[in-house]
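All chains should be modelled from the sequences, with the hints used to inform the complete structure.
First to last, the sequence lines map onto chains A and B.
At position 199 of the first sequence (counting the first as 1) the number is 258 in our numbering, and the numbers step up by one without a gap.
At position 55 of the second sequence (counting the first as 1) the number is 68 in our numbering, and the numbers step up by one without a gap.
So the derived label-pair ranges between C-beta atoms look like this:
(1) A33/B <-> I214/A: 35 to 43 Å
(2) E284/A <-> E63/B: 22 to 30 Å
(3) E185/A <-> D61/B: 41 to 49 Å
(4) K268/A <-> G46/B: 32 to 40 Å
(5) R121/A <-> D61/B: 38 to 46 Å
(6) S101/B <-> K268/A: 24 to 32 Å
(7) A48/B <-> E209/A: 48 to 56 Å
(8) S101/B <-> A191/A: 51 to 59 Å
(9) T95/A <-> A25/B: 16 to 24 Å
(10) R62/A <-> A25/B: 38 to 46 Å
(11) A25/B <-> S184/A: 20 to 28 Å
(12) N135/A <-> S101/B: 49 to 57 Å
(13) N262/A <-> D84/B: 19 to 27 Å
(14) R92/B <-> D77/A: 19 to 27 Å
DMTMM-like, lysine to aspartate or glutamate: derived pairs with alpha carbons at most 20 Å apart:
(15) K259/A <-> D61/B
(16) K259/A <-> E63/B
(17) K35/B <-> E241/A
(18) K131/A <-> D120/A
(19) K126/A <-> E198/A
(20) K197/A <-> D112/A
(21) K268/A <-> E63/B
(22) K268/A <-> E280/A
Quick caveat, the hints were computed from the structure, so don't treat them as lab data.
Predicted, not measured: the structure shown is a model, and the values here were computed from it.
Ideal Cβ placement from N, Cα and C applies to all residues, glycine included.
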Amino acid sequence: MSRENVLVSAEWAEQNLDTDGVVFVEVDEDTSAYDTGHIPGAVKLDWRTDLQDPVVRDFIDRAGFDKLLSGKGIGNNETVVLYGGNNNWFAAYAYWYFKLYGHSDVKLLDGGRKKWELDSRPLTSEATQRLATSYTAKEQDRSLRAFRDEIIAAIGTKNLVDVRSPDEFSGKLLAPAHLPQEQAQRAGHVPTAINVPWSKAANEDGTFKTDDDLRALYAAEGIDESRPTIAYCRIGERSSHTWFVLHELLGQRDVKNYDGSWTEYGSLVGVPIETGRTGKGN
Amino acid sequence: MSDGCGAPVQTAQLPAGVDAGKEVVLSGRVVAGDAPVAGAFVRLLNQDGEFTAEVVSSPEGDFRFYAAPGDWTIRALHRSGSGTAVVSAAGPGIHPVDVPVA
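Structure below.
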């Protein structure tokens, strides 16, 4: 994998808004931003209502993904370019999710909505019409997705990368600071996890740092490239951002995203938790 | 209140169900002179300068963070300019802070 295959610049995107076989998809948790203005021709995906099962805490199943993408007018052979707010957190999550269901050509728009807006590029509130397709997903690729028991087994044996902010890692905060801090789960991190906040991989405008900078960052933090890696955060979207960096940009082979993340781990009875900044590498 | 991690729409008033007696709230407006700046990317940095959260300012320029006691830096980035402000929070309650951009 290399950067050109998985990432497009805002310039490239603006030049390819009308290119056949390229579909832009905005992904957010709160889709009101899309409704007031989106990249011309982009369709929207709602992180919660479109991608999560409404009852069980899990993803929509394969048939559900077929139906979703068919209805959005996305074909199996199209190049899907994902972007969104929150520094592309949910777009990166959708990227990982599209890969999980085997979509072959997916790319992230570098910098997402933020870079697009800072550049004053065009946005429209005009509805996007696309003809329905007949999409066929593959079985979930479980080599990309980690579950809770794997996390416990990974303590001390695999690279566990906690990508939350240092204050969430230490237990001082229970959620990103734009959310209220009264939360059900316990505070802290998985023992032996290394804290490399997702934000260290991005510039202030939301674009990714260079491959050389990224490689140096994870090496300096003590990620052992010879070991498998699992990334986690609070609900799995910031860790998708880091999964994208490690697996897609840097080409590390065995990297999983733990989408259960801290809201699951911090609620489990009896599992080990560390607090403070004492994790490996700190 | 959302159980996801996305930044919610920013409002001047504290959302229903949020207890200002328990939460350390850092809130204010992004301003250029006296005028509010909408659509600015507002970032909360901890005492080591580490990213802690980011929201987009409302049409009235409002932003709000739920932090912990301590010293915080708030940085706003907009296509018209950028700016920084600092705020210290001793404990729960609403701690007002405006961020000028130029």
